[in-house]
Amino acid sequence: MPLHFELVTPARLVLSEDVHLVVVPGTEGEFGVLEGHAPFTATVKDGVIRVWRSAGGSAEEIPVKGGFAEVSAKGLTVLAEHVG
Amino acid sequence: MASLKELKGRINSVKSTQKITKAKQMVAAAKLRKAQASAEAARPYATRLAEVVGSLAGRVLVGESSPRLLAGTGKSQVHLLVVANSDRGLCGAFNANIVKAAKLKAHELLAEGKTVLFYLVGRKGRAPIRRDFPKAVLGMFDTTQVREPGFTEAEAITNELLALFEAGKFDVAHLIYGKFKSALVQEPTVQQIVPVPTPKVAVSDGAVVEYEPDEETILAELLPRYLRTQLFGALLENVASEQGASMTAMDNATRNAGELIKKLTIQYNRSRQAAITTELVEIIAGAEAL
Numbered sequence: 001m002p003l004h005f006e007l008v009t010p011a012r013l014v015l016s017e018d019v020h021l022v023v024v025p026g027t028e029g030e031f032g033v034l035e036g037h038a039p040f041t042a043t044v045k046d047g048v049i050r051v052w053r054s055a056g057g058s059a060e061e062i063p064v065k066g067g068f069a070e071v072s073a074k075g076l077t078v079l080a081e082h083v084g
Numbered sequence: 001m002a003s004l005k006e007l008k009g010r011i012n013s014v015k016s017t018q019k020i021t022k023a024k025q026m027v028a029a030a031k032l033r034k035a036q037a038s039a040e041a042a043r044p045y046a047t048r049l050a051e052v053v054g055s056l057a058g059r060v061l062v063g064e065s066s067p068r069l070l071a072g073t074g075k076s077q078v079h080l081l082v083v084a085n086s087d088r089g090l091c092g093a094f095n096a097n098i099v100k101a102a103k104l105k106a107h108e109l110l111a112e113g114k115t116v117l118f119y120l121v122g123r124k125g126r127a128p129i130r131r132d133f134p135k136a137v138l139g140m141f142d143t144t145q146v147r148e149p150g151f152t153e154a155e156a157i158t159n160e161l162l163a164l165f166e167a168g169k170f171d172v173a174h175l176i177y178g179k180f181k182s183a184l185v186q187e188p189t190v191q192q193i194v195p196v197p198t199p200k201v202a203v204s205d206g207a208v209v210e211y212e213p214d215e216e217t218i219l220a221e222l223l224p225r226y227l228r229t230q231l232f233g234a235l236l237e238n239v240a241s242e243q244g245a246s247m248t249a250m251d252n253a254t255r256n257a258g259e260l261i262k263k264l265t266i267q268y269n270r271s272r273q274a275a276i277t278t279e280l281v282e283i284i285a286g287a288e289a290l
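Respectively, the protein sequence lines represent chains V and H. Residue numbering for the first sequence follows this note's numbering, starting at 1 and increasing by one per position. Residue numbering for the second sequence follows this note's numbering, starting at 1 and increasing by one per position.
If you are wondering where the hints come from, they were derived from the structure by calculation, not from laboratory data. Remember, predicted model here, so these are calculated numbers, not experimental data. C-beta atoms are modelled at their ideal positions from N, C-alpha and C, and glycine is treated no differently. Be aware that a few hints might be false.
Using 16 Å as the maximum straight-line C-alpha spacing, the simulated EDC-like pairs for lysine to aspartate or glutamate come out as follows [as the list claims (entries may be wrong)]:
id, chain 1, residue 1, chain 2, residue 2
1, H, K75, H, E166
2, V, K65, V, E81
3, V, K45, H, E221
4, V, K65, H, E221
5, V, K74, H, E51
6, V, K74, V, E6
7, H, K22, H, D251
8, H, K181, H, E40
9, H, K105, H, D132
10, V, K65, H, E155
11, V, K45, V, E28
12, H, K34, H, E148
13, V, K45, V, E30
14, V, K65, V, D46
15, V, K45, H, E212
Some chain H residues close to chain V (C-beta under 8 Å, calculated; not the full set) [unchecked claim]:
id, residue
16, A41
17, V208
18, Y211
19, E212
20, P213
21, T229
Residues from chain H that keep clear of chain V, each with C-beta distances beyond 12 Å, as calculated [claimed, not checked]:
id, residue
22, L104
23, T198
24, L264
25, Y268
26, R272
Construct the complete structure from the given sequences, taking the supplied hints into account.
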């Protein structure tokens with residue numbers, strides 16, 4: 001089962017899809033989220049989120065600012081004030 | 001009785017007024033649709049953030065060490081009223097209603113012996129509030145330079161408010177804006193924003209959540225963002241309300257102009273007929289006299 005990833009800004013829902021792996025630049029270091037990750041909440045520093053849609057594929061890079069990540073049973077949600 | 005020429009002039013002037021109100025009504029209808037769409041688009045972020053802040057605040061004990069935005073300054077002497085108005089008129093009683101709600105709240109607080117200060121967003125609220133509370137206006141935010149207040153503006157307003165809060169200029173802040181119910185109904189709403197009222201959410205699955213950094217740090221970082229989101233939401237609601245009010249007001253104005261035109265046209269036709277009849281009578285009388 002893939003990981004459900006959502007990227008949300010105040011103005012709109014930027015992304016909501018099932019992906020393989022997301023690497024998030026947390027304030028205390030980068031972390032990767034695969035499906036089945038334990039519930040986890042972290043602040044995100046300004047940087048680039050990398051999204052792998054499938055294993056072995058290439059990553060899509062999304063620059064974010066003022067972010068916050070939450071991993072729950074439903075998947076990964078990144079709230080960012082500015083995207084792109 | 002007004003002369004034919006005068007009547008004609010009035011009819012034409014009412015007709016051009018009607019054209020303007022009709023155009024404004026259609027513009028407002030189009031803008032309303034856009035405003036509603038963007039208000040809709042902003043909802044996911046706001047709900048998510050409220051959930052997170054709510055669940056975090058539920059875990060952290062409010063005490064000495066908790067962020068001041070959550071715990072407050074410990075006093076509630078100085079109240080700041082953040083009043084969000086629109087920049088343009090032609091929207092019926094929309095701005096007047098918001099100002100009225102703000103004044104009501106201000107008088108209520110004054111009666112309790114509190115100090116009331118104002119922070120005004122938008123152009124239309126300035127004059128009436130300054131007139132009643134000339135010394136209480138702490139700051140103003142100008143939105144006339146942008147077409148639609150967006151997140152950048154919400155950010156700027158929040159930063160200014162946070163700076164004022166840090167400087168100890170106020171203890172409690174309320175936000176007053178027009179909540180959008182429908183194109184016909186906009187409700188002036190007073191809402192407390194500082195100290196941040198924690199959103200009530202049921203703590204979901206009770207699973208152990210790891211925090212990085214710890215809960216308090218995250219919460220301290222999220223609270224200003226939550227405040228920004230709330231302001232952003234209020235600004236969006238305000239825009240939608242303004243357009244809704246404008247649409248309704250202009251619809252009424254167009255209809256009134258139509259009625260006025262009908263009345264004036266009847267009057268015009270009658271007086272023209274009267275003039276013709278008089279003329280005829282005169283001619284016939286003259287012919288008979290020969």
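Hints, verified against the model:
1. K75/H with E166/H: holds, 14 Å
2. K65/V with E81/V: holds, 6 Å
3. K45/V with E221/H: holds, 11 Å
4. K65/V with E221/H: holds, 13 Å
5. K74/V with E51/H: holds, 14 Å
6. K74/V with E6/V: Since the Cα atoms of K74/V and E6/V sit roughly 10 Å apart, the hinted pair holds (cutoff 16 Å).
7. K22/H with D251/H: The given pair, whose Cα atoms are some 7 Å apart, holds under the 16 Å limit.
8. K181/H with E40/H: holds, 13 Å
9. K105/H with D132/H: holds, 13 Å
10. K65/V with E155/H: holds, 13 Å
11. K45/V with E28/V: Holds. K45/V to E28/V sits at ~9 Å (cutoff 16 Å).
12. K34/H with E148/H: Given pair K34/H, E148/H holds - Cα atoms ~11 Å apart, limit 16 Å.
13. K45/V with E30/V: With Cα atoms ~9 Å apart, K45/V and E30/V stay inside 16 Å; holds.
14. K65/V with D46/V: Measuring from Cα to Cα gives roughly 4 Å; hence the hint holds.
15. K45/V with E212/H: holds, 12 Å
16. A41: holds, 4 Å
17. V208: holds, 7 Å
18. Y211: holds, 5 Å
19. E212: OK, holds: E212/H within 8 Å of chain V, min 4 Å.
20. P213: Where the cut-off is 8 Å and the nearest Cβ of chain V is about 6 Å from P213/H, the hint holds.
21. T229: holds, 6 Å
22. L104: Non-interface label stands for L104/H: nearest chain V Cβ at 30 Å, farther than 12 Å.
23. T198: holds, 16 Å
24. L264: holds, 48 Å
25. Y268: The assertion about Y268/H holds, with a minimum of 53 Å to chain V.
26. R272: holds, 59 Å
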